[in-house]
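Colleague: Protein chains in written order, with the numbering used here: chain A, 1 to 269; chain B, 1 to 269; chain C, 1 to 269.
I should point out that these hints are in silico values taken from the structure, not numbers from a laboratory. Do not rely on the hints blindly, as some may be mistaken.
Unchecked claim - To list a few chain C residues with every Cβ distance to chain B over 10 angstroms, as calculated:
{"hint": "1", "residue": "27"}
{"hint": "2", "residue": "69"}
{"hint": "3", "residue": "73"}
{"hint": "4", "residue": "193"}
{"hint": "5", "residue": "238"}
{"hint": "6", "residue": "239"}
{"hint": "7", "residue": "241"}
{"hint": "8", "residue": "257"}
Stated by the list, open to error - Derived, one-sided and incomplete: chain A residues facing chain C with beta-carbon distance under 8 angstroms:
{"hint": "9", "residue": "6"}
{"hint": "10", "residue": "9"}
{"hint": "11", "residue": "102"}
{"hint": "12", "residue": "188"}
{"hint": "13", "residue": "195"}
{"hint": "14", "residue": "213"}
Said to hold, decoys possible - What follows is a list of derived Cβ distance ranges for each label pair:
{"hint": "15", "chain 1": "B", "residue 1": "170", "chain 2": "A", "residue 2": "56", "range": "36 to 46 angstroms"}
{"hint": "16", "chain 1": "C", "residue 1": "266", "chain 2": "B", "residue 2": "170", "range": "20 to 30 angstroms"}
{"hint": "17", "chain 1": "B", "residue 1": "16", "chain 2": "A", "residue 2": "88", "range": "20 to 30 angstroms"}
{"hint": "18", "chain 1": "C", "residue 1": "188", "chain 2": "B", "residue 2": "256", "range": "39 to 49 angstroms"}
{"hint": "19", "chain 1": "A", "residue 1": "18", "chain 2": "B", "residue 2": "235", "range": "42 to 52 angstroms"}
{"hint": "20", "chain 1": "C", "residue 1": "264", "chain 2": "B", "residue 2": "16", "range": "45 to 55 angstroms"}
{"hint": "21", "chain 1": "B", "residue 1": "112", "chain 2": "C", "residue 2": "264", "range": "39 to 49 angstroms"}
{"hint": "22", "chain 1": "B", "residue 1": "89", "chain 2": "C", "residue 2": "108", "range": "21 to 31 angstroms"}
{"hint": "23", "chain 1": "C", "residue 1": "56", "chain 2": "B", "residue 2": "262", "range": "48 to 58 angstroms"}
Source: prediction; values computed, not measured. By construction, the Cβ of each residue, glycine as well, lies at the ideal position given by its N, Cα and C atoms.
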Amino acid sequence: MKITAEEIWSAVRAIRETVPVIHNITNYVVMNSTANALLALGASPVMAHAEEEIEEMVAIASSLVINIGTLSPAWVRAMFKAAEAARKRKIPIVLDPVGAGATSYRTRTARELIHAVPPEIIRGNASEIMALLETNVKTKGVDSTASSDAALAVGRALHEQSGSVVCISGETDYTVGPAGIIQTRNGHVLMTRVTGLGCTASAICGAFAAVTQDPAAAAAEAMAVMGIAGEIASARSEGPGTLQIHFLDALYRLSGEDIERMLKIEAGP
Amino acid sequence: MKITAEEIWSAVRAIRETVPVIHNITNYVVMNSTANALLALGASPVMAHAEEEIEEMVAIASSLVINIGTLSPAWVRAMFKAAEAARKRKIPIVLDPVGAGATSYRTRTARELIHAVPPEIIRGNASEIMALLETNVKTKGVDSTASSDAALAVGRALHEQSGSVVCISGETDYTVGPAGIIQTRNGHVLMTRVTGLGCTASAICGAFAAVTQDPAAAAAEAMAVMGIAGEIASARSEGPGTLQIHFLDALYRLSGEDIERMLKIEAGP
Amino acid sequence: MKITAEEIWSAVRAIRETVPVIHNITNYVVMNSTANALLALGASPVMAHAEEEIEEMVAIASSLVINIGTLSPAWVRAMFKAAEAARKRKIPIVLDPVGAGATSYRTRTARELIHAVPPEIIRGNASEIMALLETNVKTKGVDSTASSDAALAVGRALHEQSGSVVCISGETDYTVGPAGIIQTRNGHVLMTRVTGLGCTASAICGAFAAVTQDPAAAAAEAMAVMGIAGEIASARSEGPGTLQIHFLDALYRLSGEDIERMLKIEAGP
């Protein structure tokens, strides 16, 4: 499956022109930074988690992003309710299984969400994705520093198990969908020193899924735009503080030429 | 009703000299950024939401800001308790009805708060203010991009209904009080790309209400200072990332000359 | 007790090399900024507060930081559970009694935490530390602007009462431990205009406690690094907005030479 710079730029323009409402049920740590990233890109974030209003909020959204980074029982109930409401309305769901594998509460919650309402896109690092697998995959100690091959095997296995597009972020991002694999290689290592840029990637998957029909294309577009904005920002930054600020500016100013010039994407293997 | 640059500057100096404690019960998304804005301006923010301590916290505050941006039942109970404690202590209350109209939970909560303890100031965008009205106002689809006339009609209607000063922010900010209308026209469109600057405006209304007796004057002072700091910051920014940082610096460095030179305010119509 | 620039730099390098996991149960206002500070320094922050997972999360951490800045009953229960799990695993605990003295809920919770599981380090300002004392200390109205002598008396008293290392931050930071007192004098007044830098100091105590056996040394190292990074950042900043960004960059770029050149530390009195 191939995604071109033109397609990515066209999706960015669609976000800027249609300003899709992205409903986020996310963790306390990143609420501000993900809302700012969505606004900078051109989307319209809303955050709501109360069972009392979750269905009404889903009803005005173009996609739903669920992030389990700071779970508690009331929030988990709201996530299930929101996912069911999103499914009824046929809007895309993105799941970010933050910390799956670290505690059984997170692993169980993420697995149950996937069973109840399979999301269009699951985005995480290799160890989080690994934790969601219910069958054994031959890997040698896959974690977030996993080898590419191992990450890929895990991504394929979760895609087969869940039917969801699985996006594993790392130095190379792998997006595994029904039409094969897309690899994106944009980004900068300094981005790992800013909290929640993975969560931001998931939120941005939600924005692209609101304007791009195919979830695998949407996820790959999101990863490319994240990575390119991160590279632009890193080149101007002296550390993770300035990076997070320039990253928002870069999302806001991103042009078709930037994407054309910087995109590192390929289909396969 | 007329507010001069001298009066605004005098209120800023009063905040810097008396460092009023502003108690915020606000949403998760903006807690950090509103606390930073209050500190940059010269006030002293506190955040507390537990029913166990809310009355004691109100007891050390000079004003109370209630923001319904990420509601849940325990927080709603705390908001009522805090509002009643503020009323008993006769400190001003600012209500920000974030998302009223988007879900019935928010609309209902904001209306009930206004009934139970009418706030001194209600600040929102046109569609939020519209949602709080209990009578029909002749407008054509008022929303946050409403025409000036429609926004004004809605503001007047809510002021008559509630007795509160009603501040509708937008390209022009309308502050509707018993002595008439104040229009402020400071600000920059890039500010709409930073999450929670509306919430920040409400928090800053709280700071000015702590030092300015008349709530309408306090609200107009706050909107002018927000807008002027936003203009100063926008002129130095390349996007919403740098804007939010320079905005805090601009609040911190704001001078009487800045206000004198940049203020766009008028009474009426 | 004496701490040298070499020892501090050696601890910084140990954090960067071993990337210790610091489990934070902290307040909503500062979650993002403390996570970013820990990442910038080289540690690995996790945030989790659900009773359902708190013990498993402690099990992967190298230290635990408890901050009572936005309490509610479910969070308090999680704090106790986490503290007990940390004690069983013998990992260091840092307590930040934010707002102790402001409400009885905070004072009581902090005192009960200290009784149940005495933390290795308690870090707060003079008025917060004062509120934790259960015996009278002769001071004249100690608060966060307390005189040095009064702060010191209070710190000594709480250290004797609790057995914890007590770190009182202010213009001079006093670290009171069994081997005496360490004074650090780094920092800049502009840091008081950024929300949560005290909370960040406590989180960073957690990082140093993960690599430095002696809690008093760890606390003094943390205060020195906070202050030096703050001075570097302040010199480049025009206000509290740019300060918070440059502070993260400074933590990230901090060198042994910076520490050697800038450190203001002394043993005694």
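Colleague: State for each hint whether it applies.
Modeller: Right, here's what the structure says about each hint:
In this structure residue 27 (chain C) is not separated from chain B by more than 10 angstroms, as the shortest Cβ-Cβ distance comes to only about 7 angstroms. A beta-carbon of chain B is positioned within 10 angstroms of the beta-carbon of residue 69 (chain C); the least distance is around 7 angstroms. Not every CB of chain B is more than 10 angstroms from the CB of residue 73 (chain C) (nearest about 7 angstroms), against its label as outside the interface. Not every beta carbon of chain B lies more than 10 angstroms from that of residue 193 (chain C), the smallest distance being close to 5 angstroms; the non-interface claim is violated.
For residue 238 (chain C), the non-interface assignment is contradicted: its Cβ lies about 5 angstroms from the closest Cβ of chain B, within the 10 angstroms cut-off. Its closest Cβ contact with chain B, about 3 angstroms, brings residue 239 (chain C) to no more than 10 angstroms, contrary to its assignment away from the interface. Distance check for residue 241 (chain C) against chain B: the nearest CB is about 3 angstroms away, which does not clear 10 angstroms, and the non-interface claim fails. At the 10 angstroms boundary, the C-beta of residue 257 (chain C) stays outside the reach of chain B, the nearest C-beta of that chain being 28 angstroms off.
For residue 6 (chain A), the interface hint is violated, since its Cβ never comes within 8 angstroms of a Cβ in chain C; the closest pair sits about 35 angstroms apart. A distance limit of 8 angstroms between C-beta atoms decides the matter here; for residue 9 (chain A) the minimum to chain C is near 30 angstroms, and the interface restraint is violated. Evaluation of the residue 102 (chain A) hint against chain C yields a held restraint, the C-beta minimum of about 6 angstroms falling below 8 angstroms. Interface hint at residue 188 (chain A): violated, since its Cβ lies 14 angstroms from the closest Cβ of chain C, which is beyond the 8 angstroms cut-off.
For residue 195 (chain A), the interface hint holds, the least distance from its beta-carbon to any beta-carbon of chain C being 4 angstroms, beneath 8 angstroms. Interface hint at residue 213 (chain A): violated, since its Cβ lies 34 angstroms from the closest Cβ of chain C, which is beyond the 8 angstroms cut-off. One distance hint, 36 to 46 angstroms for the beta-carbon pair residue 170 (chain B) and residue 56 (chain A), is violated here, with the actual separation near 24 angstroms. The given range of 20 to 30 angstroms is broken by residue 266 (chain C) and residue 170 (chain B), whose C-beta atoms sit roughly 56 angstroms from each other.
At roughly 53 angstroms, the beta carbons of residue 16 (chain B) and residue 88 (chain A) sit outside the given window of 20 to 30 angstroms. The hint said 39 to 49 angstroms for the Cβ distance between residue 188 (chain C) and residue 256 (chain B), and at roughly 26 angstroms that hint is violated. For the pair residue 18 (chain A) and residue 235 (chain B), the supplied restraint of 42 to 52 angstroms is violated, since their beta-carbon distance comes to about 30 angstroms. The hinted range of 45 to 55 angstroms is not satisfied by residue 264 (chain C) and residue 16 (chain B), whose Cβ atoms lie roughly 29 angstroms apart.
The hinted window of 39 to 49 angstroms between residue 112 (chain B) and residue 264 (chain C) is violated, with their beta carbons roughly 55 angstroms apart. Checked against the hint of 21 to 31 angstroms, the pair residue 89 (chain B) and residue 108 (chain C) passes, with Cβ atoms roughly 23 angstroms apart. A C-beta distance of roughly 55 angstroms is found between residue 56 (chain C) and residue 262 (chain B), which places it inside the suggested range of 48 to 58 angstroms.
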